[in-house]
Amino acid sequence: MSESLFSKKNRKLITDPLTDNNPVTVQVLGICSALAITVQVNQAIVMGLSVIFVTMMGNVVISMLRNLIPSRIRIIVQLVVVAALVIVVDQVLAAFLPDLSAKLSVFVGLIITNCIIMGRLEAFAMANKPWPSLLDGFGNGLGYAGLLVLVAVFRELFGSGTLLGFTIFGNSLPGEESGLYAMGYTNNNMMILPPMALIIVGVIIWVQRLRNKELQEDH
Amino acid sequence: MESTLDIFVKSIFSENMIFAYFLGMCSYLAVSKTVKTAVGLGAAVIFVLTVTVPVNYLLENYLLKAGALSWLGEEYADYDLSFLSFIMFIAVVASIVQLVEMLVEKFAPALYGALGIFLPLIAVNCSILGGALFMQERQYSTLLDATAFAFGSGIGWFIAIVAIAAIREKIRYSHIPAPLRGLGITFILTGLMGIAFMSFMGIKYGKEVKKEKAQTVQTSQLTTAKTQE
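Going down the list, the sequences are from chains C and Y.
Here this note's numbering is used: the first residue of the first sequence is 1, the next is one more, and so on.
Here this note's numbering is used: the first residue of the second sequence is 220, the next is one more, and so on.
Hints were generated in silico from the structure; no laboratory data involved.
Everything numeric in this text was worked out from a predicted model, so none of it was measured.
There may be inaccurate statements among the hints.
[What the hints assert, rightly or not] The list that follows gives simulated cross-link-like pairs (lysine-lysine, DSSO-like), each with its CA atoms no further than 27 Å apart: (1) Lys255/Y <-> Lys389/Y; (2) Lys103/C <-> Lys9/C; (3) Lys12/C <-> Lys213/C; (4) Lys252/Y <-> Lys213/C; (5) Lys255/Y <-> Lys103/C; (6) Lys389/Y <-> Lys213/C; (7) Lys8/C <-> Lys213/C; (8) Lys284/Y <-> Lys103/C; (9) Lys9/C <-> Lys213/C; (10) Lys103/C <-> Lys12/C; (11) Lys325/Y <-> Lys423/Y.
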């Protein structure tokens with residue numbers, strides 16, 4: 001190999017999607033299955049890890065097959081590869097984390113049609129060697145997982161007063177309040193409702209574009 | 220059991236694909252700049268959902284579910300192929316979309332002109348696969364129920380995308396802070412619309428209404444009995 005495995009260009013493949021080219025807030029991909037499972041941080045982490053695995057492996061497989069796939073049927077080939085990987089993820093989750101698997105329900109299956117995966121396969125893996133594709137998949141998966149966890153942190157912290165199931169603001173049970181709850185604080189039940197996920201993402205986009213003027217749109 | 224009409228109304232309003240589950244958000248955000256294209260994509264989604272979900276329903280009940288193969292004979296009754304459902308569902312969706320595209324192009328060129336460019340997009344629209352997976356999870360008892368669910372979900376998606384497109388056309392004339400323009404404001408608007416749609420969760424469906432009526436009749440009878448005493 002002419003260039004080192006972690007050359008500057010390759011490192012950029014991982015770091016770019018984390019901020020300036022984030023798949024969710026900038027490329028607008030993969031919101032579909034993302035937001036319904038951000039009520040709790042642990043769900044978001046498991047979902048993020050599953051997506052990282054599928055984008056990485058999908059990118060590698062498609063990149064290795066890229067010269068063999070006729071371009072007319074490439075979408076179907078990509079779908080089949082991704083679906084096979086998602087079945088692996090689903091079976092592993094059902095075997096080792098049955099509770100979480102039940103909570104995620106259809107959203108694991110929906111990773112198949114997650115636009116991030118199809119988008120990266122189409123835009124990157126079809127034109128690049130396996131190793132850069134692996135890094136690209138990892139970076140984009142990580143960018144997606146990072147945003148998911150960020151949204152979940154807000155929703156779980158302010159919606160239920162916990163993080164990863166640990167209480168942060170004290171005991172909220174009526175009659176035996178402690179910590180902030182003793183001072184009259186109450187959880188914002190709005191945060192648990194699905195529409196708040198969208199509004200939080202909207203605010204994150206707002207903050208990001210405030211800092212990076214290049215991303216702003218005209219309308 | 221819920222009646223077919225209940226399932227239909229529920230899937231349009233209180234279990235709306237966009238506002239309750241965020242399915243199909245990618246194309247929802249990308250194709251909602253004008254009402255005209257939004258109507259095209261929305262119609263295509265209704266159409267494809269109504270065709271694919273019943274097919275997947277038959278597949279699920281006669282091929283994939285645990286014990287679904289028993290119609291082949293006793294020795295097949297133990298087979299459980301449900302781990303294959305993802306790959307089968309997506310294959311069905313992708314091939315039906317291709318088929319529909321070809322048929323529409325051949326027999327209804329005018330419709331193809333209107334829907335044509337959207338059909339390939341739809342194969343990877345989460346709401347189509349989501350429809351199939353929800354159908355599997357909720358285990359509708361008849362083919363008619365599954366079809367009603369699919370048609371209702373399609374209409375719900377259509378309403379959502381046309382509504383957001385209309386709003387986006389209007390807000391072009393408003394003064395939005397620069398960093399919020401485009402994507403940001405669309406997210407926040409969708410969230411607000413979602414909150415509005417949550418009020419539909421209070422709708423009472425057939426059985427609940429009947430139960431309540433029976434209760435009120437009982438209590439009124441009791442009170443009249445008491446007053447008579």
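(request) Quick one: which hint numbers does this structure break? Sort them smallest to largest. (result) 2, 5, 10 and 11
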